[in-house]
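Residue numbers (the working numbering), protein chains in the order written: chain A, 24 to 220; chain B, 132 to 788.
Don't read these hints as lab results, they were simulated from the structure. C-beta: ideal position from N, C-alpha, C; glycine also.
If we take Cβ atoms under 8 Å as the criterion, some of the chain B residues that face chain A in the derived model are:
1. THR201
2. ASP339
3. SER341
4. PRO345
5. LEU427
6. ILE428
7. THR448
No farther apart than 35 Å at their CA atoms in a straight line, the calculated lysine-lysine pairs in the DSBU-like style are these:
8. LYS678/B with LYS49/A
9. LYS354/B with LYS178/A
10. LYS44/A with LYS354/B
11. LYS68/A with LYS678/B
12. LYS166/A with LYS354/B
13. LYS678/B with LYS737/B
14. LYS68/A with LYS152/B
15. LYS66/A with LYS152/B
16. LYS44/A with LYS678/B
17. LYS344/B with LYS203/A
18. LYS66/A with LYS338/B
19. LYS41/A with LYS425/B
20. LYS344/B with LYS66/A
21. LYS166/A with LYS702/B
22. LYS338/B with LYS189/A
23. LYS158/B with LYS68/A
24. LYS354/B with LYS149/A
25. LYS260/B with LYS208/A
26. LYS354/B with LYS41/A
27. LYS260/B with LYS68/A
28. LYS338/B with LYS149/A
29. LYS260/B with LYS203/A
30. LYS66/A with LYS260/B
31. LYS354/B with LYS39/A
32. LYS149/A with LYS425/B
Simulated restraints, written as ranges between beta carbons of each label pair:
33. LYS100/A with ASP183/B: 53 to 61 Å
34. VAL170/A with ALA600/B: 28 to 36 Å
35. GLU347/B with VAL213/A: 33 to 41 Å
36. VAL170/A with ASP614/B: 19 to 27 Å
37. GLY550/B with VAL170/A: 48 to 56 Å
38. VAL346/B with PRO169/A: 19 to 27 Å
39. GLU188/A with GLU347/B: 32 to 40 Å
40. LYS68/A with ASP144/B: 38 to 46 Å
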Amino acid sequence: MELTLKEELAVSEKKKVKFIKIDVDKCHGCRACEVACSAFHAKPKYSTINPARSRIRVFRDELRNVFVPVYASFYTKAECSGRRVYIAEQKEHSPERREYVECSFCGAACPSRDLFFEPDSGLPVKCDMCEDDPPLETPWCVKVCPVGALVVEEKEVEVSEREQEKEDEVEHGLDALADKYGWDKVVEMVVKKVGNK
Amino acid sequence: MRYGDAGFNLEIDLSTGNIEKVATDPKDTEDYLGGLGTNAKIIWDRVSSDTDPFSEDNVLIFSSGLLCGTPAYGANRTIISSISPQTKLFAFSMTGGFFAPELKQAGYDKVILRGKSPNWVYIYINNDKVELRDATHLLGKSTYETLEAIRDEINDPRAQGLAIGLAGENRVFFASIETHRGSASRLGLGAVMGDKKVKAIVVRGTKDLSIAKPVEFMNECSKVLDYMMYRLQNPIKGVPAILSLIGSPQEMLLHDEEWHTNNFAWGNARVRRKNFWNSEIERQWSETLERSRKKLISCYNCPIRCAGIIELPGFPTYVMKCYSKITYTMAAMVDSLEFGLKIAAKAQHYGVDGFTTPQVMAFAIELYENGILTDKDLEGMPKDSREEQFFWLLDRIVRREGIGEYLADGVYWAARRIGKGAEQFDRNTIKKHEQIPIKLGMLNPIYYIMWSTGEKANITQIEGQFPQAPFPSKELKEEFIRDWIQIPTGKEEKFKRFIMEWGEEGKNFPFWPEPDLIAELVEWQELMHYVDDSLGLCAGLSSFPLKPPYHIHNLPVFIKYATGIDYDEQKLWDTASRIRNLVRAINIKRGLRREDEKPPEDHWKKRFPEYEQKLLDEYYKYKGWDNRGVPKKETLDKLGLGYVAEEFEKMGIYEGE
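With the rest of the complex left out, here is chain A (with noise of 0.2 Å):
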């Protein structure tokens, strides 16, 4: 089964999309991925581990042979309404039902649980590629990742969707700021910042 949930992270000049294309069969739920990108994003680099920073989550349940990989996508300040329930594969003589809601494999930072926010400033966190400085050519997720759950695809995409990423992501931080702080400091901050340059 390949996870059909593709996000488009990053754009090279040659309007190159970088992606991580997600096999769930090929994942065994070791979370050295989780393990890698907590260290790559700690200030400085490496100094600490903490999966729960993780901006890539594994969502394991061994006993039915769920692995799912799942990386920090969107922030929303909202719940989504009218959650679907996925079941999992069910033996036959098994005496009841697992379920899972929808959450469990969604990408998003948003309030229905503590997955993908820094677990001390409560700010949301979004898989950047390992492109921040200085950038990596592979991902530390994928590179640790020797069984192939993860790999670095590419797609070719329009100019126009690179500049609304670009919007899309600052709206994304904004939010995510003025949520914890408020918009009077946010603007406040920005006035600050502007007035100084």
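Add chain B to chain A, keeping to what the hints say.
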């Protein structure tokens, strides 16, 4: 600021319900690392030599290793220590999985339990919040069911736990402590947990763990990952398939079981079936495994998939690895792998040891066949099917029902309680503990020492990274030693020469090689296990397989970069020796002596009693122990264990020399 370790232990007095978070001494980290090392220090300090395993004064420690939670691959072992109800000696058993890193992430290196809870509880640790919660509704639930029920109760699928099943509740002397991914099976720690009325311990942590030299540490990790991949692609030539790779022996991946089935003894460690493995068996067993194995999975932060999710119709799902795949089949003397996988499903849910349990049942069958146990003793046991008999015995044992009350104490104690000559059928225990069923022809002097003197009383936790037989050709020998980088400094030439000469005319067991080389080879093998068990590293990546990714040269570097404590090869060797001698000292204090250090009489057909005693003398001498196996005062002083020597003097232990 602490690096590498969390710097705090959680101390829980179950009798009073008092819970404290206690800062640890960084000097202990330097001297004993963590895991087994610091566990041994705590047991030495707190548990007196006359403490009964089932008393309030016995402690039960759940520990991470020093490197657990760091990005070091395979550093995920939980090391559980206490006094064993079966051997009455120091018990240390380990499990892989996800518990130890989660504990570190919650801000603790260890959870130390003392006292006894008045009512059944489970322990729930959520970072700084620690609760003893009522567990009466979980009684009778299996190990896996218990953990699942708790995850639902606390509504946190990311919490990691350890639990006992019915066997632990009923204090079966070989009850295990299970996680969803492994088990700490040996030496009856599940019974101690049950005696303390703790059904499970569950932890969730979201705190940072700090690394002293981050960039340098990550570089070492990357090198290890590269080497792991290299070893997986380059199996060692000239050894049995299951010994050629790294990780736990790959018995969930590979179908070839010729080595175990043809060479190990079946039944109550009784019969060799030298031609058991044939193409028809291989076909059947492959088919069974392919059908029942849903996926190969790993422990925390490790790419090597040693375990399999096993699912068979009518039986609960479980996770299995390694040699317990075939222990039940071999003990029952049946041909069916499917039977073995099915009964292991029940056994793991009940929470019993996959090495000891099959042998206890085979022992009972032997007593029955020899008229020592009668139909009356085994009332209700199915008559026709050996498989059904095993299922029936397992159900009695975990409930301590009828004959199960006797068998639940293991072969040694059961034999003595049953009497009527049953002792003669206790033929595969060392230090009252059931061993892997190997019965061979010619005495192997290296294994003789390891079986005799190993504190764990479990050969797979003593041996390792050394071939078990000479390579069949000169070319294979040369290839093996060419890039054998794991040998300790100064021993390269000696060990390589041994490999090259082994098997040549006159260069064979038992009277070759010379005793001090035997002692050196044993010391290397066992000390690396002490290092792993203290660092929380999987032996499958380090002390157990041939040419492992972790070794005496890179491990000090890992310690140094993780903790900031200056470490080099010599210092690590000394630390491992310190831990090894401290573990020994706990057992000496509890009465262990030379006369306990002997493999079963029929372990080898050809024995040489005088020569064996000479080997033991030489090994003791090499270790700096007296001829009773007691570490000498000067040995202890040199290792910084002066306090042990003082205690020995006070107890009069040196007087009997």
